[in-house]
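Q: Chains A, B and C, in that order, are what the protein sequence lines are.
Each residue of the first sequence is one higher than the one before, starting from 11 at the first, in our numbering.
Each residue of the second sequence is one higher than the one before, starting from 16 at the first, in our numbering.
Each residue of the third sequence is one higher than the one before, starting from 5 at the first, in our numbering.
It is worth saying that the hints were derived from the structure and are not from the lab.
On a predicted model such as this, the values are computed, not experimentally measured, just so you know.
Don't take each hint at face value.
Claimed, not checked - Derived BS3-like pairs: lysine-lysine, alpha-carbon spacing no greater than 25 angstroms straight-line:
| no. | chain 1 | residue 1 | chain 2 | residue 2 |
| --- | --- | --- | --- | --- |
| 1 | C | K176 | C | K118 |
| 2 | B | K40 | C | K16 |
| 3 | C | K235 | A | K85 |
| 4 | A | K85 | C | K307 |
| 5 | C | K33 | A | K85 |
| 6 | B | K40 | C | K118 |
| 7 | C | K235 | B | K264 |
Said to hold, decoys possible - If you want a taste of the chain A side facing chain B, the calculated C-beta under 8 angstroms gives, among others:
| no. | residue |
| --- | --- |
| 8 | T28 |
| 9 | H32 |
| 10 | A41 |
| 11 | E42 |
| 12 | M45 |
| 13 | N47 |
| 14 | V51 |
| 15 | E68 |
What the hints assert, rightly or not - Derived Cβ-Cβ restraints for the label pairs, each shown as a range:
| no. | chain 1 | residue 1 | chain 2 | residue 2 | range |
| --- | --- | --- | --- | --- | --- |
| 16 | B | Y260 | C | D311 | 30 to 38 angstroms |
| 17 | A | P98 | C | G165 | 51 to 59 angstroms |
| 18 | B | T259 | A | H30 | 17 to 25 angstroms |
Just so it is clear, CB atoms sit at the ideal spot from N, CA and C, and this is done for glycine as well.
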Amino acid sequence: MANELPLWEVFIRGQHGTAHRHVGSLHATDAEMAMNNARDVYTRRNEGLSIWVVPSSEIVASIPSKKGPLFDPSKDKIYRHPSFYNIPVEVKKI
Amino acid sequence: MSNPRIHLALRMGDNSLILSQQNSKWCGHAPTLEEDIALANVSLDLMGHAQMWLEFAAEVEDEGRNADTLAFFRDTEEFRNSLLVERPNVDFATTLMRQYLFDAWHLEQLLLLSQSSDTLVAEISQKALVEVRYHRERSQSLVIRLGDGTIDSHNRMQEALNALWSYFGSFFEDSKDDEMLFDLQTSPMPSSLYPRVLEQLNQDSVLSTLKIPESEFWQKGAVQGHHTENLGYILAEMQYLQRTYPNSKW
Amino acid sequence: MYAQEVKSTGSKPKSLSSMSAKEKAFQEKIDRGQRIEPKDWMPEGYRRTLLRQMGQHAHSEIVGQLPEGNWISRAPTLERKTILLAKVQDEAGHGLYLYSAAETLGKSRDEMTKELLSGRAKYSSIFNYPTLNWADMGAVGWLVDGAAIMNQVPLQRTSYGPYARAMVRICKEESFHQRQGFDIMMKMSFGSKKQKAMAQDSLNRFWYPSLMMFGPSDSESVHSAQSMAWKIKINFNDELRQKFVDQTAPQAEYLGLTIPDEKLKWNEKTEQYDYSEPNWEEFFEVISGNGPCNTERLAARNKAWDDGEWFRDGLLANSTKNQNSQIAAE
Numbered sequence: 011m012a013n014e015l016p017l018w019e020v021f022i023r024g025q026h027g028t029a030h031r032h033v034g035s036l037h038a039t040d041a042e043m044a045m046n047n048a049r050d051v052y053t054r055r056n057e058g059l060s061i062w063v064v065p066s067s068e069i070v071a072s073i074p075s076k077k078g079p080l081f082d083p084s085k086d087k088i089y090r091h092p093s094f095y096n097i098p099v100e101v102k103k104i
Numbered sequence: 016m017s018n019p020r021i022h023l024a025l026r027m028g029d030n031s032l033i034l035s036q037q038n039s040k041w042c043g044h045a046p047t048l049e050e051d052i053a054l055a056n057v058s059l060d061l062m063g064h065a066q067m068w069l070e071f072a073a074e075v076e077d078e079g080r081n082a083d084t085l086a087f088f089r090d091t092e093e094f095r096n097s098l099l100v101e102r103p104n105v106d107f108a109t110t111l112m113r114q115y116l117f118d119a120w121h122l123e124q125l126l127l128l129s130q131s132s133d134t135l136v137a138e139i140s141q142k143a144l145v146e147v148r149y150h151r152e153r154s155q156s157l158v159i160r161l162g163d164g165t166i167d168s169h170n171r172m173q174e175a176l177n178a179l180w181s182y183f184g185s186f187f188e189d190s191k192d193d194e195m196l197f198d199l200q201t202s203p204m205p206s207s208l209y210p211r212v213l214e215q216l217n218q219d220s221v222l223s224t225l226k227i228p229e230s231e232f233w234q235k236g237a238v239q240g241h242h243t244e245n246l247g248y249i250l251a252e253m254q255y256l257q258r259t260y261p262n263s264k265w
Numbered sequence: 005m006y007a008q009e010v011k012s013t014g015s016k017p018k019s020l021s022s023m024s025a026k027e028k029a030f031q032e033k034i035d036r037g038q039r040i041e042p043k044d045w046m047p048e049g050y051r052r053t054l055l056r057q058m059g060q061h062a063h064s065e066i067v068g069q070l071p072e073g074n075w076i077s078r079a080p081t082l083e084r085k086t087i088l089l090a091k092v093q094d095e096a097g098h099g100l101y102l103y104s105a106a107e108t109l110g111k112s113r114d115e116m117t118k119e120l121l122s123g124r125a126k127y128s129s130i131f132n133y134p135t136l137n138w139a140d141m142g143a144v145g146w147l148v149d150g151a152a153i154m155n156q157v158p159l160q161r162t163s164y165g166p167y168a169r170a171m172v173r174i175c176k177e178e179s180f181h182q183r184q185g186f187d188i189m190m191k192m193s194f195g196s197k198k199q200k201a202m203a204q205d206s207l208n209r210f211w212y213p214s215l216m217m218f219g220p221s222d223s224e225s226v227h228s229a230q231s232m233a234w235k236i237k238i239n240f241n242d243e244l245r246q247k248f249v250d251q252t253a254p255q256a257e258y259l260g261l262t263i264p265d266e267k268l269k270w271n272e273k274t275e276q277y278d279y280s281e282p283n284w285e286e287f288f289e290v291i292s293g294n295g296p297c298n299t300e301r302l303a304a305r306n307k308a309w310d311d312g313e314w315f316r317d318g319l320l321a322n323s324t325k326n327q328n329s330q331i332a333a334e
């Protein structure tokens, strides 16, 4: 359908100090309208303190078949996690 | 019902009630899903305002009535809403234009009422104001877009504006009660709002390319309870269950 | 349920050993309880079945606005009016979330809408029944939403990520719907004689159509077996229907209402209720367009779409103009 209103992705930051989270999408002609619609559609239950809207076509996603090269290198870097290190019981807090 | 505070509360409450009632009939029938949801939000806000104002009217009256009895057991001549809000839905252009004109008046009215010497009036108005600022922004933005959209959308919005215009004047009709309320610094004279509202509409019209009608021949009578024919039908539908099965709990 | 007639590939699910390497990896991922995401590889049958199911589900929400929307203007108190409007509005929202989920597979909302409007896509049979009295607002919430929840709660674990996430949101919002319905039923059942009669009449009319919502028995169906292997479908229809009857029968008793089924009886042995099957012939008639309100429902949706065209076109034209004037200014 050539004349469909463009698709926008909606991200909302809620009450509890967490980061913006993707909640869904909607249709709107431009940013202002997308913002209004996001408020009406996705914050009916007092969910949001801040809204981001992004044209869906502007989102660049990683490609699943390239998942190996993208994410595998970080799998074996176990030294980045605190559980890698042994701390003697006598030493209580580090 | 001689207390002028009741007059004000009914004027505010009935406007919100009748407009909400009319808008709510679009639920499930609007041009886009987003619009369906947004318009329902406006209706819900207005219904909330209506409940506050009518509750306030019932309290001042002190005759054991409440918001529901006022909504469901008064007849047309006791309603104090403007003639604009009772105009039939007709189509989405009319509905949107009706909302736009209402919002332009409503926002100015609430801005002034939130400064009222009557603390209860001020309190209710401040609560409503938060939501109505958004209503005004939303309907303004849509009217501007559709006015300056296609030739078809422009014509439809212009026709709706022309058809509704003389009923719009009903918001600015003064009465004796209004004079008393004005003296008490409870509320402004309704007619005094017209220049401010018109200024807003004129500003918007630069962008919407719609032509604000020049006529100031207004349909009158709402402040005395003389309404258009359509209000009778609106009430017949709205009050049907309460009237058919009186003394029931719902 | 809301997707009562979803046909999958039409053949039995393949065994792991007869699958290609890709198919096998896909199936194993589902078996491990991992989610499939939009850009992941998926078998064409999975994609097609999923789209059809999400479409039917979304359409059901949208058409589902109509029978209740009917009564918003006649609700008996301001509070009831507000609650009902908020509920019907939620249904529009749920339709929107589900269309959103389907759009992640590259099928546009307009495309799906066209399928609904032309009658090519189905929606739940239940919404082709009329709402005749105020107690129907109670019965729809209590029975129809009650039945819907039975199906929607497990769907939060469905294998397709966007669908599962939409269901989480929907279930969260839906939780007040059934309660407000039961609340209306209580007021009506414990109200005046007239009110109680309305409540009973409503239960009489909505009982069997509610049982039909789960769809015909499918424990033998190859479509269901494939959908279950893919975790697009979580339970068999009879399983959910039984659960629904077991849950609802005591509630009806509490209300002092009689479920219109002489065979309905607690069975000590099976520890569940025995009940009569709905008339499946009627179900297939309704699903294929011959229910009492099919014509009105589709006509209402078509009218909304056709009458709204100038509105959508106007908005688009305006944004194109603005973009052009921005470009000109740069």
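Q: Could you run down the list of hints and mark each one as holding or not?
A: Hint check:
no., hint, in the structure
1, C:K176 <-> C:K118, "violated (29 angstroms)"
2, B:K40 <-> C:K16, "violated (47 angstroms)"
3, C:K235 <-> A:K85, "violated (29 angstroms)"
4, A:K85 <-> C:K307, "violated (56 angstroms)"
5, C:K33 <-> A:K85, "holds (19 angstroms)"
6, B:K40 <-> C:K118, "holds (24 angstroms)"
7, C:K235 <-> B:K264, "violated (46 angstroms)"
8, T28, "violated (25 angstroms)"
9, H32, "violated (18 angstroms)"
10, A41, "violated (12 angstroms)"
11, E42, "holds (7 angstroms)"
12, M45, "violated (10 angstroms)"
13, N47, "holds (4 angstroms)"
14, V51, "holds (5 angstroms)"
15, E68, "violated (19 angstroms)"
16, B:Y260 <-> C:D311: 30 to 38 angstroms, "holds (35 angstroms)"
17, A:P98 <-> C:G165: 51 to 59 angstroms, "violated (43 angstroms)"
18, B:T259 <-> A:H30: 17 to 25 angstroms, "violated (51 angstroms)"
The structure shown violates the earlier hints numbered 1, 2, 3, 4, 7, 8, 9, 10, 12, 15, 17 and 18.
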